[in-house]
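Respectively, the protein sequence lines represent chains A and B.
In my numbering, each residue carries its 1-based index in the first sequence increased by 117.
In my numbering, each residue carries its 1-based index in the second sequence increased by 20.
Think of the hints as simulated: they come from the structure by calculation, not from any bench.
Do not take every clue at face value.
Only pairs whose alpha carbons sit at most 27 Å apart, straight line, appear in this in silico DSSO-like list of lysine-lysine [claimed, not checked]:
1. A:K303 to A:K124
2. A:K121 to B:K44
3. A:K422 to A:K219
4. A:K124 to B:K107
5. B:K44 to A:K124
6. A:K1025 to A:K422
7. A:K1025 to A:K694
8. A:K1096 to A:K848
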Amino acid sequence: MLQKREKVLLLRTFQGRTLRIVREHYLRPSVPCNSALCPQPAACRNEGKLLSSDVTHYVIPDWKVVQDYLEILEFPELKGIIFMQTACQAVQHQRGRRQYNKLRNLLKDARHDCILFANEFQQHCYLPRERGESMEKWQTRSIYNAAVWYYHHCQDRMPIVMVTEDEEAIQQYGSETEGVFMISFKNYLDNFWPDLKAARELCDSILQSRQERENESQESHGKEYPEHLPLEVLEAGIKSGRYIQGILNVNKHRAQIEAFVRLQGASSKDSGLISDILIHGMKARNRSIHGDAVVVELLPKNEWKGRTAALCENDSDDKALGESPSEPMPTGRVVGILQKNWRDYVVTFPSKEEVQSQGKNAQKILVTPWDYRIPKIRISTQQAEALQVANTDFRVVVRIDSWESTSVYPNGHFVRVLGRIGDLEGEIATILVENSISVVPFSEAQMCEMPVNTPENPWKVSPEEEQVRKDLRKTHLVFSIDPKGCEDVDDTLSVRTLNNGNLELGVHIADVTHFVAPNSYIDVEARTRATTYYLADRRYDMLPSILSADLCSLLGGVDRYAVSVMWELDETSYEIKKVWYGRTIIRSAYKLFYEAAQELLDGNFSIVDDIPELKDLDEKSRQVKLEELVWAIGKLTDIARHIRAKRDRCGALELEGVEVRVQLDEKKNIHDLIPKQPLEVHETVAECMILANHWVAKKIWESFPHQALLRQHPSPHQEFFSELRECAKAKGFFIDTRSNKTLADSLDNANDPNDPIVNRLLRSMATQAMSNALYFSTGSCAEEEFHHYGLALDKYTHFTSPIRRYSDIVVHRLLMAAISKDKKIEIKENLLSNKDLEELCRHINNRNRAAQHSQKQSTELFQCMYFKDKDPETEERCITDGVIYSIRTNGVLVFIPRFGIKGAAYLKNKDGLVISCGPDSCSEWKPGSLQRFQNKIISTTTAGQSVTFHLFDHVTVRISVQALRCHSDTIRLEIISNKPYMIANTELFHQSSLLLKSELVKEVTRSMEEAQLAQEVKVNVIQEEYQEYCQTKGRSLYTLLEEIRDLALLDVSSNYRL
Amino acid sequence: MAGLELLSDQGYRVDGRRAGELRKIQARMGVFAQADGSAYIEQGNTKALAVVYGPHEIRGSRSRALPDRALVNCQYSSATFSTGERKRRPHGDRKSCEMGLQLRQTFEAAILTQLHPRSQIDIYVQVLQADGGTYAACVNAATLAVLDAGIPMRDFVCACSAGFVEGTALADLSHVEEAAGGPQLALALLPASGQIALLEMDARLHEDHLERVLEAAAQAARDVHTLLDHVVRQHVREASILLGD
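Extracted from the complex, chain A is given alone in its bound form (with noise of 0.2 Å):
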């Protein structure tokens, strides 16, 4: 059935000698042509996507299409596309790994209408290359003898256009078989793809880059950078420990100058280097771009520079910079590039003032990008006229092509334009674009996989799985606590006394993995999205609605799928005995809100005629129903204390992040804070949930120690706490960083009672040197590693929120591999193996930073339009108090509680002068100068006034809105008192100090009604980050709670530590 053939290579080797290879190549018969109009598809057997048989036409593109135009073809407008095995041959050997990955990643994707032919491996479609005929010519014929083959295969039903580059090619072949047609790519579009003006566009101005880039390097300029080493060089040269390899981080506050080069992997342990490289200038530099793999050289210990320590223009965040401003730190240059990884960037045309000063190169336009780090862009296009007189306002995408060596700036090519500048979608589409966040509503072929709901075919329990799950609706008095209003109810809980007298305490979680079949469509849109984006004001969901806020969803009332840990405890001292995973049916009794159980929990049960479930019974029933209720919320409220007592123990940590949630009203403009009461409730959910998530992560790393799905928090490093004990000294506290429990109780002890906000910032700086916790799989990383420090668990994984986060989808099918494989049951799920999972823990790892940067970009985004329409000379609210955190030699950092903004404050502006504040303690501008200790700084004016500003000293500062063009618009900060402002919005912070870990533990054994009075007095956060869920709806707290974990832990996020 096969038939042999033989390919004959003649290779060059290393001595340049030549060498004639012979290889085996097989024919077969029938290969799958994954056509819908296939006549024997038994015979091609054909699975998985099929191209659809309602296009009008089906295209074929040549080779060199494919090469170079893979951009457009990945347009979901266009369908029908096949790919030649002879096409996607010549992307793998001449455009590289990551654009053939790109190639492959399109055709497995569900949504884009196009399939690979493996046309060399069918033995009708197979031409052996002839004698003397070039390698690009015998690609063309293949492609074409392939395509004849194809339009006769599917018994010429559906014609075929093939698109080339080659103009003999469609002389030869052009009118050769009726039904296969021939044409320029070009051409394709214009006549085929009329409205679809995108891709002409982008066509065009590929098409123009190319030519521009092939007269460049004829004219040859003189070079601006030096070339890049060879590949083999480079890995040699790492082998050696020459050069070193890392990743390349632009300091966004001196894009121009500073650069960082993190180390990687081995290199660092070799070379003995702690601390990274720095890269000074954009020479250095040599062409790489932020995120790029780069090779770095180490130059001449007298040639290594120090950071700058000074603020600039746009420094609106804060660092976490330890070391002095000068010392001096290994400096490097870059001699290569391993890794380019180019994305998207949006940008924007120069305004027409500035064209006219770029002189009238009319051809060539440099565009801004809005990320700080990426250096311009020059782009050339034909209709560079028209884009810039249509640009000007608005928001671009462009793609970097190139960056030789000869040119200053990289040449790139105009994608596709985004939104008018200053317009909220606009910017969101920015801010999604440049974390390359793509959020399509989901395609119909995924919505065909899902059940139905509807009234007049409701959804039922199965019986079949009525037969293999555990039926608890009769048994289990099950409950969830959830936000008001909320829809993805992803969490339920029960306790209920056992006959032996012990307790069983239940977790229920969705269970989503029964609607979501691994590798189907919604599967794989699920990886690719990885999480809900949760911004400001709007959400991107992981799953379609009819799953997350219906079938998924544990409605009260209604039956559901669940999946279940269960654990017996002891009657008093709460020891776990034992635990059950399993899959389980549900029927939630009480959908409840958190005020509401808040109250039941105080024994207030006023709040009664609120609950739904309580409202149409008689008096009698109602009373028995509540009393049941009363004791289960009483019970875990018990449970969770003395589960958290024991966590602390252990040094668990209470962190702060400093996120400030905005509220809108209706038109999306921007309301105020309402500050909520924290409950203790959130705590007691939370707090069942990280023991859901800590026994499950347990369950499946024994049972698959090789490839689970693990969630881990390392050790911060010792020296990044260097700030953070500076600061706390200068208010005479000692802060022990020695091991989460020492920093844990010293946190606690540093508490000033006249500023509980000392307490605060403290926390957050404590939060910043902390490095971010990681999802990983257990086949890649020591036992040892495997530990979380924030909560202080030796194994945590993510488990009780499958509905908005994939990593608990894949945790859900691990734990069900897990329980079938102790069942002794055949594994039926294909389970990842350790290096997949590895790829997938970091593809999820960088979605969860993408959707952090994003929430922050677009809480930013709101910040600034608040204060944007206000003026800051008459609004009553743009004046408030603010305190210092941070001393940098001509300026201050100041963090504002009222708004949870953080921000650069000037002492010297640009014109040289000093601030100086007289007796009114209003400020003014004076010249003089700075002097800057360790803890205070201390601005004297020429005529020998001074004022010293010391750490954690409270200012009055003005905040106004500094409006970009190019960039999006930051909050300016500026010192108009040395006073802490006054006004009665004091009482606002009053709740902010925090309650003392250690008075917890005692609390535990105490009454309910103490414990209540203490826990009131909770963290700030959790009222901030209620906000949100006001606007978003359906997010439990527990969500939340967790995200505030993880916000915590990105504020340590790249740019802070460089």
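On the provided structure of chain A, position chain B as indicated by the hints.
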């Protein structure tokens, strides 16, 4: 440039085979008249010639004779023109010695040596073209040659190699696949009983995967058996026609 993709997303290998498919096997028995038994095999582009003499008296030093069974003496050599670059391969280099020993081990397990005490069986194998899986080709050729010589054996010995790429076991590796450097396993099987005559692997492979790779190699060896069996029957039919029975 991107490295070679040994197994594409569509499940094809570099040469167009699927993961479990063998290369084309062609074989002939009785290619030389002077020898007691001989055979020639082509497994894809790997070509091997095997010649068997014996059982006969011990040649050389008499002390080598074994009192209870026959001595199996195997020699392996490969032609200077067997690879892409012409290269002289003197007798007795490490590689061919090792291969000789492996062959000896394999055939001592298969030949009923106790039937011929104090005698010697010589198996000479020459590789004419090497394109991956030389050990397997040598064993298969030698099996046919031993059968041709009429030496009693327990069963055919069928050998095949298998590798492991991206979670999939590949049967019968070609030179390109071997050169990629993944783990490679060589298996010689007595197909009727399923006993293993020789199993060899140099590279590291996770224990969890071993079973799958082994199964792929065993299945391939069984497939080889079907083919060799066919060749032997064909040969016997031709011989009996010539004899005029």
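The hints, checked one at a time:
no.	hint	in the structure
1	A:K303 to A:K124	violated, 35 Å
2	A:K121 to B:K44	holds, 7 Å
3	A:K422 to A:K219	violated, 40 Å
4	A:K124 to B:K107	holds, 22 Å
5	B:K44 to A:K124	holds, 15 Å
6	A:K1025 to A:K422	holds, 25 Å
7	A:K1025 to A:K694	violated, 65 Å
8	A:K1096 to A:K848	holds, 18 Å
Of the numbered hints stated above, those contradicted by the structure are hints 1, 3, 7, listed in ascending order.
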